[in-house]
Amino acid sequence: MDALDPLILARIQFAANISFHILFPTITIALGWALLGFKLAYNRTKDGAWMDAYRLWVKVFALSFAMGVVSGITMSFQFGTNWPGFMEKVGNIAGPLLAYEVLTAFFLEAVFLGIMLFGFSRVPNWVHTLATFLVAAGTTLSAFWIIVLNSWMQTPVGYEIRDGVVHAADWWAIIFNPSMPYRLTHMLIASALTVAFLIAGMSAWRWLKDGGGEGVRRTLKASVYAAALLIPVQIFVGDLHGLNTLEHQPQKVAAMEANWETRSHVPLVLFAIPDEAARTNHLEVAVPSGASLILKHEAAGVVPGLNDYEGNHPPVAPLFWGFRIMVGIGIAMLALSWFAAWTIRRRGVDAMPRWLAYALVAMTFSGWVATLAGWYVTEIGRQPWLVTGVLKTADAVGPVGSAMVASSLTLYLAVYAVLLTAYIAVLYRLARLGKAAPAGKPMFPVPSIAPGPAAAQEEPA
Amino acid sequence: MTPFIDPWWLPVIFAGLMGLAILLYVILDGYDLGVGMLTRLERGENRDLMVASIGPFWDANETWLVLGIGLLLVAFPVAHGLILTQLYLPVALMLVALILRGVSFEFRAKAPPEHKQRWDHAFFAGSLLTALCQGYMLGAYVLGFDQSLAAVLFCLLAALGLVAGYVFVGACWLIYKVEGDLQKRAVRWAEVSLWATALAMAIISIATPLLSQRIFDRWFRLPEIIALLPIPIASATLFVGLAIFLRRPLRAKDELSWVPLAVAGILFALGFVGIAYSFYPYLIADRLDIWQAAASPEALSIILIGALFVLPVILGYSVLAHWIFRGKATHLSYE
Numbered sequence: 000m001d002a003l004d005p006l007i008l009a010r011i012q013f014a015a016n017i018s019f020h021i022l023f024p025t026i027t028i029a030l031g032w033a034l035l036g037f038k039l040a041y042n043r044t045k046d047g048a049w050m051d052a053y054r055l056w057v058k059v060f061a062l063s064f065a066m067g068v069v070s071g072i073t074m075s076f077q078f079g080t081n082w083p084g085f086m087e088k089v090g091n092i093a094g095p096l097l098a099y100e101v102l103t104a105f106f107l108e109a110v111f112l113g114i115m116l117f118g119f120s121r122v123p124n125w126v127h128t129l130a131t132f133l134v135a136a137g138t139t140l141s142a143f144w145i146i147v148l149n150s151w152m153q154t155p156v157g158y159e160i161r162d163g164v165v166h167a168a169d170w171w172a173i174i175f176n177p178s179m180p181y182r183l184t185h186m187l188i189a190s191a192l193t194v195a196f197l198i199a200g201m202s203a204w205r206w207l208k209d210g211g212g213e214g215v216r217r218t219l220k221a222s223v224y225a226a227a228l229l230i231p232v233q234i235f236v237g238d239l240h241g242l243n244t245l246e247h248q249p250q251k252v253a254a255m256e257a258n259w260e261t262r263s264h265v266p267l268v269l270f271a272i273p274d275e276a277a278r279t280n281h282l283e284v285a286v287p288s289g290a291s292l293i294l295k296h297e298a299a300g301v302v303p304g305l306n307d308y309e310g311n312h313p314p315v316a317p318l319f320w321g322f323r324i325m326v327g328i329g330i331a332m333l334a335l336s337w338f339a340a341w342t343i344r345r346r347g348v349d350a351m352p353r354w355l356a357y358a359l360v361a362m363t364f365s366g367w368v369a370t371l372a373g374w375y376v377t378e379i380g381r382q383p384w385l386v387t388g389v390l391k392t393a394d395a396v397g398p399v400g401s402a403m404v405a406s407s408l409t410l411y412l413a414v415y416a417v418l419l420t421a422y423i424a425v426l427y428r429l430a431r432l433g434k435a436a437p438a439g440k441p442m443f444p445v446p447s448i449a450p451g452p453a454a455a456q457e458e459p460a
Numbered sequence: 000m001t002p003f004i005d006p007w008w009l010p011v012i013f014a015g016l017m018g019l020a021i022l023l024y025v026i027l028d029g030y031d032l033g034v035g036m037l038t039r040l041e042r043g044e045n046r047d048l049m050v051a052s053i054g055p056f057w058d059a060n061e062t063w064l065v066l067g068i069g070l071l072l073v074a075f076p077v078a079h080g081l082i083l084t085q086l087y088l089p090v091a092l093m094l095v096a097l098i099l100r101g102v103s104f105e106f107r108a109k110a111p112p113e114h115k116q117r118w119d120h121a122f123f124a125g126s127l128l129t130a131l132c133q134g135y136m137l138g139a140y141v142l143g144f145d146q147s148l149a150a151v152l153f154c155l156l157a158a159l160g161l162v163a164g165y166v167f168v169g170a171c172w173l174i175y176k177v178e179g180d181l182q183k184r185a186v187r188w189a190e191v192s193l194w195a196t197a198l199a200m201a202i203i204s205i206a207t208p209l210l211s212q213r214i215f216d217r218w219f220r221l222p223e224i225i226a227l228l229p230i231p232i233a234s235a236t237l238f239v240g241l242a243i244f245l246r247r248p249l250r251a252k253d254e255l256s257w258v259p260l261a262v263a264g265i266l267f268a269l270g271f272v273g274i275a276y277s278f279y280p281y282l283i284a285d286r287l288d289i290w291q292a293a294a295s296p297e298a299l300s301i302i303l304i305g306a307l308f309v310l311p312v313i314l315g316y317s318v319l320a321h322w323i324f325r326g327k328a329t330h331l332s333y334e
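So the sequences go chain by chain: A and B. Be aware that the first sequence starts at 0, since it is given in numbering that gives the first Met the number 0, and climbs by one per residue. Be aware that the second sequence starts at 0, since it is given in numbering that gives the first Met the number 0, and climbs by one per residue.
Isolated chain B, as found in the complex (with noise of 0.2 angstroms):
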């Protein structure tokens, strides 16, 4: 069939999209992640909770990496290639630490109680390994795939980063859903990951555009800059605001306990924003941009007509399952 819009523009549109899946996916897998290494520092009942709170979410919330990575794989078909066999091995790692969180998360219910220890092991494994290849991943990506020894080391702390970030937005979902003792620990926990996610962020902003002189044009001309001033500006702001929030005993109504998990959501935005302005064009750093890789204007075409009908739809069910199981978590049944 005939693309019915001009077709420079596909690609974009797909760009975006793919962009929006993955953020997606950063932020709701990024809670149930933070949650799965949170629960080694828990026992028993609070455990299993814990578990309870993200039980309902995870299998929808991982499918928008299946969704992100899937843009990828038909839009920018040579892109997907590319990518994937330059980070053959963490993808390899994260893929077996996705299927032992996913598989231990089921088991641990329904194997004898005498293994379930085991399978909570597997769970926090799981999720730290996932978390900490996604990093090393995305420090390889933002780099360009290079393989110097300078390179490596930004990639383990850009792997450490993601953990500080995952077990962030994890324990912000704490305060939303668990109360009373549990609910103070995890306001502990948030405020120790929110400074280590502000250094690494920092870290990563800093880096970047020493390491890439595009990435240092880009951000560091006028008018641009004055453009951009706010981005940083507003991670600081809710960085220190939420910081002063923590501190202070939340309401005895719990009213507020939904703050914390906004404005982590907000800022891992932020951030993505930043990557995202670092790159356009460029699916792969000064080398491959959104329309050489793109697949034909016929095709992406045809997956736009149903990505449009089917997107709302998936968003607005999203929401719907968030709010049926909305308030604090309980132990879950198949009541």
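Chain A on its own, in the form it takes in the complex (with noise of 0.2 angstroms):
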């Protein structure tokens, strides 16, 4: 396929956008959930540790909220722009599905972010602490209705199709079609390690600079538990999510295992190089019926193989590896945050080896890599269709030229290289404020006690 297919020009610009986007929601879809949490921690203890951890982190919240919310409004217009047969032909579900996401959703969290942000002195504490609360529920809502349309774009049901236009049939099936609540749970607990992994990394750094106080050694140990908690369950819960693919979409699990035919002791590929042309894989290391083992719970089980699918199925190379980088990524949290738990659990956290502290500054953007790693699995993994056996995705693509796509691209990409740089940077900048705060001082001046030309200049936002 030529470099400058428009079709491909657009994949790469919807694919770059919404890879972009994605960071911020996951990230902010359990910050609201863990801000929650800092704020009845500190309801309950009246202790300032927890406030100082609250005052950082909704900063972090209001910055990412900020990235998701403008390359959020980039994603409506794509839709238009780049894409105008998607709702041409299936807009009578997706419209719905996106309204009803906008309505519930997104002014809720908009509206009570300025309450939540800034309205601390100047509502009552319930408000402030109910208007955190619905953010956060504004923010999983919004989750809620992006995964109930992609799920429905995976695993369609409940629609009929009158003079080549997609009709609502049954929105209950709709809503809750075969790949939704596994995509769904699936989703929150990635962003919930996500943030646990942030913050985990981010509080690591703070206290292998000074210690960091209170509020870190809390935040820390915190991260940490919630980490070791959800790893497991995450990954109970990603097995039973791709049992659901292997039944609904096959092909994506043959791509993702690169097993080119379908046949009984399918051997867990750990490492290949997948050769699409030659339809095998070179250099194969493999486990004996390791595929059909886990797909099949039974070493002769059958497991479906990519030749019933020949030129119908996803890329192979792209699902191999996006697959194996994600669980590779979900061990090394589990072997990280399970060690780190004991270690604390037993030693606390100032006796904490620093190579430990080190091990978690690693991994602080680990959540980012695995789920992207896991979105591209299962967005390429569509392919060649956009709504499974509705609308392929050449058939959406809209008339505008190669030179036009390419040149928004590029003006995308630069903007997005940027602020992610800026993004990191100033995470590390916040993390940093403050520092030496001593023990049960606030590690943010407040205004009303302090108000200085210190804390004019940092805290306008």
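Be careful, since some hints might not be right.
What the hints assert, rightly or not - Interface residues of chain A toward chain B, partial, derived using beta-carbon atoms under 7 angstroms:
hint	residue
1	65
2	72
3	76
4	79
5	80
6	83
7	86
8	400
9	403
10	408
11	410
12	412
Simulated from the structure, these hints should not be mistaken for laboratory data. Backbone N, C-alpha and C define an ideal beta-carbon position, used for all residues, glycine too.
Relying on the hints, combine the two individually framed chains into one complex.
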């Protein structure tokens, strides 16, 4: 395929936009609940250390939320600018789902965010706590509707086609389509793990620098425990999700496993270089009967292979590698969080070996990598369909020429590169601020107590 | 499910809701984009205060754009595709500008002080470019995406006109939200931008009927013209009245500082009604009307139930947010 094919360019552009976008909801979905947790812990104990944690992470939330809003607006325009065929064909189903996302969730977040961020001293404490709850609920509701639509595109049901246009026949079936519960749970836990490792990594980084005070110790401990609890659940849910995919989109699983032939005793391929032209793997390292055991729970289980779907299955290499990156990170998360939780439980945060803290720092953004890898598997795994069996990706692309798409793509990529760098730099700056705050003292100046120029410069946002 | 009202009405209702969302967007995000452009004229504390005056609101203001474009997307999917592929480049530029504007808002307060200047530039440039692109798109839309030289010139004029309009409503917002010397300067900015806005509205109102026979016929025939006359008359009266109001010193107790903002909102609404009247029932001039572009009645009724339930709530808590953060802006804090 020509590198300047408008279809490929439009796909790269959409992938770039949505990859950039998903980074931020992945953080805000779970961080909203983490903030509610900090706030409730503060309400209960009146311990300033929890409020320190709240103040630091609410800034990260505000920044991530802003990045999510602006990159999300881009998405709602992209449907029209690049993929007009999508809404023309399935607009009667995608439309209401997107509308409900905007109506119920987006506004809930955006409006109460103002109160949550800036209203602490303007509204009664319970209203502030309620606003924090509503923002967290809003982000989660947002995720729900988007996952419903995405899952329906993967496993469409409850529709009928009249005059070439898709109409809804059964909304209940559409919303609770076969893959939705698994994808939603998998994504929500992915968000929680991303945030747990983000908080653990940044807190460990701060702890390595100067101890960081009580707030840092609290968040480090809480996030490591949360990660240790959630990762086994995630591995279990991921397995269920995989079995669900095997049932409804077997060609996707076949590509993930680089399994070229339908047979029994299918090995679990640990390493290989899939060769799409020769339809085989090179340099394969595999566990005999492993895939049959995992997918069919018996060594003689017959697993569908790519030969059943020739010409109608997704590209193999990206799925094969994407899946292995995601699972590899999951295993690293399991090992690290359990060891760290065990160490902290026995010896306390301050007696933690420094290498362990460095390991947590190294894993700060591991959740992002795993989440992106997982989404690449599921989205590329849907190809060549945009809506499985209903609409091909190639049939939805708009009439805009290559040059136009190439220039907008370049523009987006440049902006995203700058913003991502700035975002990460600012996260570290926020974590570093108020260095060596004495225990019990707020990490950030409180303007009503100390309205000095430092506060004025630091706080407006 | 079966539609619960006459299917003929559904596209009309959605066109109305979409229009309302876009009008609210233009007024609400208009003032914060205007403030963004005006930040260029101040430095230090004052600039921080101007930014702080829009802090709790800009997120929610911008979501009206998502709702407006979202309603176009879900209720009129065909028009959404047609309009946005025609406006591909200005849309892409506007999105980048909105991104820059939104994030520099956060970054300017959180980045190291030596980088603050850079994010301030980005904030200004993002606000300006957003306004220019939206004005250009408005012009292109009004002319039905004509590509001739005259049309492009008209679009550029519309771009400048919308910049003036946003600066105007932004200055009115500042009159309401700040005090002292900064407020006095905001009055000056409002006086200047008021006339630029009036000029732009006048030029567009005269040019549109001249460029489109159908719009000409809609406006200049009896008896419609008598019913329509109040629109230009009210606009002119409000412009002149506000100009006189702004020349007088604001009262000591500042109790009327909300008046310019309210007048600016009404003027935007009048301009909007004018454009809407010129277009109805077309979504794309003379080509596609709202019934041709609409999604199926079943889909529209499903959305309508949600919209009728949620929109009053959204309006309610938008008012609530503006009420909680009422009064003069102070330096914001996360406290």
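Violated hints, by number in ascending order, as checked against the structure:
Per hint list: 8, 10 and 12 violated.
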